[in-house]
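Protein chains in written order, with this note's numbering: chain A, 1 to 162; chain B, 1 to 193.
Each hint should be verified, as a subset may be incorrect.
[To be verified] DSSO-like mimics (lysine-lysine), calculated; alpha carbons at most 30 Å apart, straight line:
| hint | chain 1 | residue 1 | chain 2 | residue 2 |
| --- | --- | --- | --- | --- |
| 1 | B | K133 | A | K153 |
| 2 | B | K165 | A | K132 |
| 3 | B | K165 | A | K153 |
| 4 | B | K87 | B | K69 |
| 5 | B | K136 | A | K132 |
| 6 | B | K53 | B | K179 |
| 7 | B | K69 | B | K108 |
| 8 | B | K53 | B | K69 |
| 9 | B | K53 | B | K19 |
| 10 | A | K132 | B | K19 |
| 11 | A | K153 | B | K136 |
| 12 | A | K155 | B | K133 |
| 13 | B | K133 | A | K132 |
| 14 | B | K136 | A | K155 |
| 15 | B | K185 | B | K69 |
| 16 | B | K53 | B | K182 |
| 17 | B | K179 | B | K133 |
[Claimed, not checked] Restraint-style ranges between C-beta atoms, simulated for each label pair:
| hint | chain 1 | residue 1 | chain 2 | residue 2 | range |
| --- | --- | --- | --- | --- | --- |
| 18 | B | S31 | A | D116 | 34 to 40 Å |
| 19 | B | M154 | A | L62 | 56 to 62 Å |
| 20 | A | L135 | B | N95 | 18 to 24 Å |
| 21 | A | L156 | B | Q156 | 49 to 55 Å |
| 22 | B | K53 | A | P55 | 46 to 52 Å |
No lab work stands behind these hints, which were simulated from the structure alone.
Even glycine gets a Cβ: it sits at the ideal position worked out from N, Cα and C.
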Amino acid sequence: MSSYYLTIIGTRDNPLYEVEFSSFKPNSSSTSSSASASSIPGRAQFAPDVREILPFIANSSLDIIDDSQWSTSNFNLGRVDSFYGLVVNAFITQGNVKFVLCYDNVGSGTNSKYDDNLIRQFFIDVNDLYVKCLLNPFYRVNDAIVSPEFDIKVKLLARKYF
Amino acid sequence: MSKSSKYNGDDIWKNNVEKINSELFTLTYGSVVAQLCRDFNNNYHEVNNQLDKMGYNIGLRLIEEFLAKTGVRRCQTFRETSEIISKIGFKIFLNIVPTIENWSSDNKTCSLILPEPNPLTEFVELPITTDSKISKELWYSQILCGVLRGALQMVQLDVDVNFVKDVLRGDDRTEIRLKLNKVLKDEIPAGED
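All chains should be modelled from the sequences, with the hints used to inform the complete structure.
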């Protein structure tokens, strides 16, 4: 079961939103049954020491994102970085806001192409939500996103794709 | 009602009205409201007042256009007036038809229920988490009240218009209360008798 950490980073490299979750699909591979029974579905299972450095990992990839945005015409930048088994995928919006997704790829590797595709779809849908949020007259660019509705919709997307 | 069916809001909407992109309209109005909130330092009562005043000034002029496009004749009763407002007025300017309910026994007070989605409030979400005051004080679509008040005043109807419910605030529906105070007489200016 993979855990994911999604963060949205504004144009001045300021954090706008973050969320942690894990895949909702039951894993066929070797997770011990007692551990998965006690865990809540969707609860991220990063080790505590990894968990506290997640924002750093996401932010340390910003330079790479800035560089790689010029090498492709796609908004989805794909896999940009990895850090001790954590993979970092990124997406950049038309307004230069970045979505960064860090995840530990436990048990994947064989189907990484499939994962990347899912993540691409996920990013596109999150971008839709972000644009809706941006259309709200009370929201200004680079404000933190605190709307509970946005939060729920992102989590629903996470559930749909992962 | 027989009288109002004579004028067809649908036809006028289709053939005789200039239309603009609804998102442009929604976002423009949204920017106005948000800017007012900033200008008055989130004093929402004042924002309501300003919106009402802007609407009033629109209404004073809009009634001329309304009469020119529709050719509506003088209404006999306030009930008839309300029908015209909802089925023709709202229809040709906003392409929505509010329902009219809650008549008081003296036929002078009624409610307009705006259907969802309200074209003014698409995409809008009040920032309740950062400012809890806003959902108690701001009437986001207050400009509509001003428009109605202004337009009706020009046809000799003195009315009070105010919001009592708004879906944006978490209410079950959006409701405007309309109260007829009196029918104004065409008065001769003082000193000319």
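Against the structure, the hints come out as follows:
no.: 1; hint: K133/B - K153/A; in the structure: holds (25 Å)
no.: 2; hint: K165/B - K132/A; in the structure: holds (24 Å)
no.: 3; hint: K165/B - K153/A; in the structure: holds (26 Å)
no.: 4; hint: K87/B - K69/B; in the structure: holds (14 Å)
no.: 5; hint: K136/B - K132/A; in the structure: holds (24 Å)
no.: 6; hint: K53/B - K179/B; in the structure: holds (18 Å)
no.: 7; hint: K69/B - K108/B; in the structure: holds (27 Å)
no.: 8; hint: K53/B - K69/B; in the structure: holds (24 Å)
no.: 9; hint: K53/B - K19/B; in the structure: holds (24 Å)
no.: 10; hint: K132/A - K19/B; in the structure: holds (23 Å)
no.: 11; hint: K153/A - K136/B; in the structure: holds (25 Å)
no.: 12; hint: K155/A - K133/B; in the structure: holds (28 Å)
no.: 13; hint: K133/B - K132/A; in the structure: holds (23 Å)
no.: 14; hint: K136/B - K155/A; in the structure: holds (29 Å)
no.: 15; hint: K185/B - K69/B; in the structure: holds (25 Å)
no.: 16; hint: K53/B - K182/B; in the structure: holds (21 Å)
no.: 17; hint: K179/B - K133/B; in the structure: holds (27 Å)
no.: 18; hint: S31/B - D116/A: 34 to 40 Å; in the structure: holds (39 Å)
no.: 19; hint: M154/B - L62/A: 56 to 62 Å; in the structure: holds (59 Å)
no.: 20; hint: L135/A - N95/B: 18 to 24 Å; in the structure: holds (20 Å)
no.: 21; hint: L156/A - Q156/B: 49 to 55 Å; in the structure: holds (54 Å)
no.: 22; hint: K53/B - P55/A: 46 to 52 Å; in the structure: holds (47 Å)
Every hint from the earlier list agrees with this structure, and none is contradicted.
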